[in-house]
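Positions 1 to 150 (full-length UniProt numbering) are the ones given, in order, by the sequence shown.
Don't read these hints as lab results, they were simulated from the structure. Take the hints with a grain of salt, since some may be wrong.
Below, in silico cross-link-like pairs of lysine-lysine (DSSO-like), each with a Cα-Cα straight-line distance of 30 Å or less [as the list claims (entries may be wrong)]:
#	residue 1	residue 2
1	K85	K29
2	K29	K49
3	K85	K49
Computed Cβ-Cβ distance ranges for the label pairs, DEER-style [unchecked claim]:
#	residue 1	residue 2	range
4	E39	C101	21 to 29 Å
5	E130	R75	30 to 38 Å
6	D111	N87	31 to 39 Å
7	A71	P128	25 to 33 Å
8	I65	D20	26 to 34 Å
9	G48	Q28	17 to 25 Å
10	D100	Q28	17 to 25 Å
11	K29	C101	13 to 21 Å
12	N47	D12	21 to 29 Å
13	P73	E129	32 to 40 Å
14	D68	N11	33 to 41 Å
Note that the Cβ used here is the ideal one computed from N, Cα and C, for glycine as well.
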Amino acid sequence: MITLQEVSPPNDGVRYTEEDVQLFFDTQKVGNGILYIGERNVVWIENGKSLGIQFSYHALVTHGISNDTTAFPDRCLFLTIDGSKTNFNISSSENEDENDCVYLRMVPSEDSLNIMYQMLSECQELNPEEDDINGYEEPEFDGMNPYTLY
Numbered sequence: 001m002i003t004l005q006e007v008s009p010p011n012d013g014v015r016y017t018e019e020d021v022q023l024f025f026d027t028q029k030v031g032n033g034i035l036y037i038g039e040r041n042v043v044w045i046e047n048g049k050s051l052g053i054q055f056s057y058h059a060l061v062t063h064g065i066s067n068d069t070t071a072f073p074d075r076c077l078f079l080t081i082d083g084s085k086t087n088f089n090i091s092s093s094e095n096e097d098e099n100d101c102v103y104l105r106m107v108p109s110e111d112s113l114n115i116m117y118q119m120l121s122e123c124q125e126l127n128p129e130e131d132d133i134n135g136y137e138e139p140e141f142d143g144m145n146p147y148t149l150y
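Whole structure, please, built from the sequences with the hints as guidance.
Right under this line is the structure:
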C-alpha cells in the first residue's frame, strides 16, 4: 500500500483540476481527492486533508485510459510510475525487489478521462527526459541533400 505524505496544491502552472477523483494503488482504494495536473508535476490530495501524492513527469513511465472492466470495475486513468524517481512510501508483502514500478488508477466522478489523459500528455511533453534533449543527433546523409530525390 502507498502511504500518503504531506503535500500542497501547486501554486502555478496548473493546467487542469478535477475534484472527487478516486485514487487506487493497483486495485486497493486509497481515497477520494482533488487531482491537479500541472506543467511540472501531478498532485493528488485526499479530500479534507493535506495528505496525498506528488510525482514529476520524469517518473511517469506510461499512462492511458483503461476501458477493461474485467481487469478493474471502473473505466480509469491507468498510470505506471517509476518508484525510484519518487518519494513514495510503499509497503508491500510481495517481492519488493521485483521492480520499482508503481501502478495507480484514477477514477473521476465525472466523465473526464479523455481530458485528464490529454492534459497529462501535453504536460509530459513539456518535460522531456534529459536523454531525449541531449541525445538527439541530426541524421547524416553523407553529403547528400536530404530534401532532394535521387
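Can you name, in rising order, the numbers of the hints this structure does not satisfy? 8
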